[in-house]
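K.L.:
Using the sequences and the hints given, assemble the complete structure.
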Amino acid sequence: MSGSVLVHATDLGSLATLDARAWREEIANRLQDGMRAITFFGRTSGPTAILTCVLADSQYRLLILRTEIDPRQGYHELTTEFPSLQAFEREMHEQLGLHIAGHPWLKPIRYEGGAQGSMSAYPFYKIDGKEVHEVAVGPIHAGVIEPGSFRFMCEGEKVHHLEIQLGYQHRGVEKKLLQGDARRLGPLIETIAGDSSVAHAWAYCASIEALAGADLEAGADVFRAIALELERVAMHLSGMAGLSTDLGFLQGASTYGRLRTIAINSMMQLCGSRFGRSAVRPGGAGTRMSLAMTTELSGNVGLLQRDLAIINDRFASSMTVQHRLRGIGILSRNDAVQLGLVGMVARASGVRMDARQMTHQGIYKYVPPGSPILEEGDCRARAHIRIEEMKASLTWLKEVLARHPELLPKQASLGALPPNRLTVSIVEGWRGEVVHCLETGNAGELIHYKIQDPSLRNWFGLAIAVRGNEISDFPICNKSFDLSYCGNDL
Amino acid sequence: MTLFKAIRTRISQGTQYIPDLRQARPKGFRGLPLIDATPCETECHSCADLCPTQAIGLNPVSIDLGRCVFCKECEESCPSGKIRFTSDPRMGAANRSDLVLKEGFGLPAIRPSETLSKIFGRSLKMRQVSAGGCNACELELNASANVNFDLQRYGIEWVASPRHADALVLTGPLTRNMREAIRIAWDSMPEPRFLVAVGACAISGGLYEAAAGVDRDFLKSVGPSIYVPGCPPHPLTFANAILDFLMPGRK
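Sequences listed follow chains A and B, in order.
In terms of this note's numbering, the first sequence is residues 1 to 490.
In terms of this note's numbering, the second sequence is residues 491 to 741.
There could be a bad hint or two in this list.
[Unchecked claim] 35 Å max Cα-Cα, derived DSBU-like pairs, lysine-lysine:
#1 K615/B - K741/B
#2 K175/A - K495/B
#3 K710/B - K107/A
#4 K126/A - K107/A
#5 K562/B - K365/A
#6 K410/A - K562/B
#7 K562/B - K175/A
#8 K495/B - K572/B
#9 K175/A - K107/A
#10 K391/A - K517/B
#11 K175/A - K710/B
#12 K391/A - K710/B
#13 K517/B - K741/B
#14 K398/A - K710/B
#15 K592/B - K410/A
#16 K562/B - K398/A
#17 K608/B - K741/B
#18 K158/A - K615/B
#19 K391/A - K410/A
#20 K410/A - K517/B
#21 K517/B - K365/A
#22 K410/A - K572/B
#23 K391/A - K495/B
#24 K107/A - K158/A
#25 K175/A - K130/A
#26 K410/A - K398/A
No lab work stands behind these hints, which were simulated from the structure alone.
Since this is a predicted model, take the numbers as computed values, not measurements.
P.N.:
Now the structure itself:
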């Protein structure tokens, strides 16, 4: 067992490979019945492509549907009927050369392989008209952030359409993960999206532990959850500081920024790194929290609770801040569901989903974390959901630290990885669900590693939310989504 | 009412800047490693075998901080306790070869650049470009301008355009898809200018050396003047490297 994380391991021998037509029909039927796609990916196997769709119901019960097809023949697209699949189908087309007949927009997700270096040749959508003008931004932005390109089609000041071009950060993580010992990928995993190191590392470890039959001690599970909540608090503070800067609310920028230092320095005391590097390793290696560390951490949590209340009150009662955020970048609940958005962005649009609340074991089961929901779906809701989530995480940390003053779990032993297995692990990181799928081959070697950062799905939500707003609203819309470039580009 | 809340926030903020960045030692930080000069008890080579970036050389043991990702696998696996990480954040270098740490020695101090410190010793404007950086280096570089580290006190600031910049600060292993943009940014910068490589990825490719999406050709034509190791580097590592290189006399 792997504690608090949803992990699903399947013996590929017992997983039916469906005929392409039946497979497509089954996916459509299940989506029609209200299931949603957690991930959907493919790999090449000799001349054929093996496609895997992982669906979940509202209780996170998973259904895995697999087919094997000739990539040149492919299948007929599902995106038009189910827009939540748009990024997955584009990705499969890009990675496998898979023919997806009738797909409305097979734009590359990240320009990998032979398409590298051809990004500037991409023809963006054009709109003709006297009042229409285009604004190009990026790939280098006017701040210390990652690169990505945004093309706005405007009518006057109003954004009619935003096209997002990503891939500049593409390093080739997925290929790199297939080299070397599968149980020693921790450092690389932590750089998939460096601001979500703990979430990705936990998803990786949960899958490896499920494969290697490791019996993780409860203390290691608690330790990971503490690190994950610290990461959530730290990144929400970072996001609030950034949003405050974009709003011209300097007191917010400096105070949230200062509080973030406390959160990441607490993380540093747990593991030596302000980003949780090396905190989470397969089997719980290196996990240790002494009484002195807990006392100090608990003190820092108290400090954050006290000072956060003061700045949150200031943020919520500042007329200019609230006025600037309210009604901007609205993403309706319906759009969020249709586009398959996840995490805090979805929860700020009234969609109830949080993988932490669906676990059947581990610390999140015994001390359930609060998972606030806001209905408005505007920039204000996406700011305030972060405030509420920070409060919930700090309350949770306080209680868990009081229950577990000392964590000194023993390292669980890791056996060899068994052959022909498929695992899916889901961790609710601060942005939303982080999904890792691992597949082993005939000798237990890793033959496929599919990573999915929540950003892959949520970027399209930003493009939709900006429509109809002023172009000057874009920076705060972008910051309110706070998505990862490298998590998308891999 | 709002005014009172502003004052209350200001009081809660207190005074946060670190008075002396050169003396600060972040508690619990895994920084500069030291290699003990006593011989290995066994010939196990576990440190080199487990290192994810081949940063460790043997006979005698050395660590290339330009490759090290500070994962502590070497420290934990060593039966002789030969490698020990300290909380010292001062790890910058002006020469690539200075980053190779040897048995029984620390890192050599950075020799200030006479020409560059004459020009930029009182004001330095930097443009940051991420080319495959995972957002950890970027967040730490942002933090160097926050209320704690406050690099602005030295006249060191981030600027929005390469045309306003004296230094280009690169993070990430340099991706193929950013090759054109990096070149344009560099070409847009007025001379005199220099390059800073931040993090194991930028310095050596780190975990992404020879990865499918990486293209480091730019560094063949432009060499970094300062190297800032780490994964990610602590803001103090960055601050100290810049200060030692350009502003040696300033407090």
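K.L.:
Compare the structure with the hints numbered earlier in the document and write down the numbers of the violated ones, lowest to highest.
P.N.:
2, 8, 12, 14, 25
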